[in-house]
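*Asks:* Each chain is listed here by its residues.
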Amino acid sequence: MNLRQTIRHAAADRVAAHRRPRVLPVLMWAYVVWSLVPVAIAVLFSFNDGRSRTVWQGFSLRWWTGDPNASLLHDESLRTATINSLVLAALTIIITLPLGTALAVGTYRWRSRGSTSANSLVTAPVITPELVVGASLLLVFTHLYAMIPLGLPAQLLGHITFNLSAVVVTIRARLAMIGGSYEEAARDLGASRMQAVRFVLLPLLQPAIVASVVIVFATSIDDFVISSFLSTGAASETVPVRIYGAVRSASSPSLNALATLLVLISITALFLGIVALWAIRRRQGENVSLRTVLAEVTQADA
Amino acid sequence: MNAQPITHRDRVWRVIATPGIAWLVALFVVPFYAVACVAFGRIDPIFRSAAPEWNPLAWDATTAVGVLGDISNGPLRGVLLRTVVFVVVAVLISFIIGYPVAYYLARHAGRRRTLLLALVVLPFWVSYLMRMLAWVNLLQPDGFGSRALRLIGLDRVWLDGSATTVVLGLVYGYVPFLILPLYATLERIDWRLVDAARDLGASSRQAFWRVTLPLSKPGIAAGALLLALPMLGDYYTNDLLSRSPNTEMLGNQIDFFLNAGTQPQRGATLVLVLALMLAVGASWYVRSVVRQVAEATR
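Protein chains in written order, with the numbering used here: chain A, 1 to 302; chain B, 1 to 298.
Simulated from the structure, these hints should not be mistaken for lab results.
A hint or two may mislead.
What the hints assert, rightly or not - Chain B residues, not near chain A, derived (Cβ > 10 Å throughout):
1. A61
2. G69
3. R131
4. R192
5. V211
6. D234
What the hints assert, rightly or not - Rough simulated footprint, nothing fancy, chain B against chain A, three-plus residues with beta-carbon under 8 Å:
7. 124-136
8. 237-246
Note that the coordinates shown come from a computational prediction; the quantities given were computed from them, not determined experimentally.
No residue lacks a Cβ here, since even glycine has one placed at the ideal position from N, Cα and C.
Could you build all of it, start to finish, from the sequences and the hints given here?
*Replies:* See the structure below:
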């Protein structure tokens with residue numbers, strides 16, 4: 001075999017090695033279909049004309065607005081659950097954001113004695129399952145912090161606690177990207193340490209803060225375990241708690257409508273977050289397209 | 001500025017971190033201590049409610065010993081064993097589904113990558129309960145899923161006590177948590193190493209087993225942990241898809257004893273058992289990361 005033949009064989013091998021896979025794309029799309037179609041069917045059934053959640057009986061808005069008693073618009077308990085979820089998520093954001101941002105900046109810079117235990121304390125809630133957090137909060141609220149009643153107040157404290165670490169992780173990732181040089185420059189130009197934080201660091205942190213808002217909102221509104229452990233019945237039911245309670249008992253497609261509304265709310269929040277991120281970066285002088293921001297957000301999620 | 005003693009610079013950051021730290025101590029550490037105090041406390045003789053013992057010197061281990069006895073050779077042994085088997089099988093199935101997806105995304109998705117990633121991330125924005133609700137509807141005897149499965153010869157009751165349904169429910173619920181860390185690791189792999197292996201005569205299968213797979217180890221470890229931890233503490237998937245004692249897991253027992261039953265002490269002890277299992281898993285993960293870092297820097 002002469003040299004030319006050898007090279008040709010090697011080239012053919014390389015082509016074979018890089019031939020487009022056939023099975024993998026099929027698996028990929030099969031996965032996408034499997035993961036999303038069941039949800040799509042559940043959404044579809046919220047528009048079912050009949051009472052069934054399994055047999056299609058024609059399209060109607062009966063379970064959204066039409067039915068005078070059982071529709072999402074008119075059923076008191078479904079409305080309460082929706083409002084509870086939104087109020088809880090909003091309050092959680094308002095308190096978690098400043099608390100988490102300060103905690104992230106503080107633990108990121110603090111390097112001396114005590115910082116190791118502070119860091120493990122901040123990371124521990126990330127890997128603790130919600131069942132453990134929910135159960136321990138239930139016990140502490142019933143036995144030690146008796147002044148905090150179960151229901152919305154306890155749920156709020158619980159949601160803040162398990163979202164705090166997620167905020168810290170998000171903000172610290174951004175802090176690592178920013179580095180210390182901008183603040184040092186501000187200090188060299190005569191800013192005090194707090195001024196440097198206020199006028200240099202916080203504006204640079206804005207994208208991470210927006211991302212945190214979206215993450216906290218979505219986590220809080222989707223949370224089931226903590227809300228359920230700390231709820232006191234119908235008055236403090238959130239949407240996931242309501243779905244859990246009603247899934248297996250015979251009920252109407254208004255439950256599907258409620259779940260669909262929750263999905264719409266989360267996805268709207270995500271979309272608004274992406275637009276806000278885009279607007280911030282435009283204002284800070286970057287010429288990015290909305291499409292680029294979208295691509296970056298999905299990459300960063302990974 | 002640099003002349004300032006380091007401790008002084010540090011104090012500012014410590015002050016800034018203090019409210020958050022205090023919050024976590026009051027609402028994460030103290031509650032966990034309260035679990036131990038309930039587990040090692042007493043039961044109020046009149047109200048049958050828990051009477052926690054706050055002084056660790058006076059802890060009473062009667063209930064805890066009883067629960068440990070039930071675990072080693074009593075009614076809880078089956079539950080604990082089932083929990084471990086369900087989680088292990090669910091994690092393995094998740095890898096069989098998730099690895100090819102993450103691999104395709106990282107290596108072959110090309111121009112479609114953003115679209116596909118968005119589709120893979122999308123389930124995170126759909127409430128977990130909604131995703132289970134979807135399957136409850138599909139698997140009702142007259143649901144689309146049951147009817148489709150009947151067409152291919154699988155005619156059975158899927159809800160109410162099927163272990164298969166519970167395990168697949170766990171897989172469906174948590175597999176996105178696996179795909180993202182796997183993708184993040186695979187995406188950073190230098191594929192020239194795989195090309196080099198091929199050029200040196202490895203078959204594509206050999207190149208995968210001896211180059212790609214070892215390089216994706218960090219993602220595999222992180223994914224396995226991110227998957228196993230929430231699955232171990234899951235009780236709602238089981239409740240929604242089965243609600244039968246035949247498929248009960250540790251989480252269901254905890255939920256039952258704390259939320260419905262009159263034995264908070266037993267519930268609290270089981271929370272401690274669960275936390276112990278998680279601590280073992282987490283420390284295994286930390287050790288494997290440390291080892292990998294050590295190997296990489298050697």
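*Asks:* Please go over all the hints and tell whether each is borne out by the structure.
*Replies:* Verification of the hints:
1. A61: 18 Å, holds
2. G69: 22 Å, holds
3. R131: 6 Å, violated
4. R192: Consistent with the label, R192 (chain B) stays out of reach of chain A, its closest Cβ about 12 Å off (over 10 Å).
5. V211: Per Cβ check, V211 (chain B) is outside 10 Å of chain A; nearest 13 Å; holds.
6. D234: 7 Å, violated
7. 124-136: Held - the region 124-136 of chain A has 11 residues with a Cβ nearer than 8 Å to chain B, which meets the minimum of three.
8. 237-246: holds (count 4)
The earlier numbered hints that this structure contradicts are 3 and 6.
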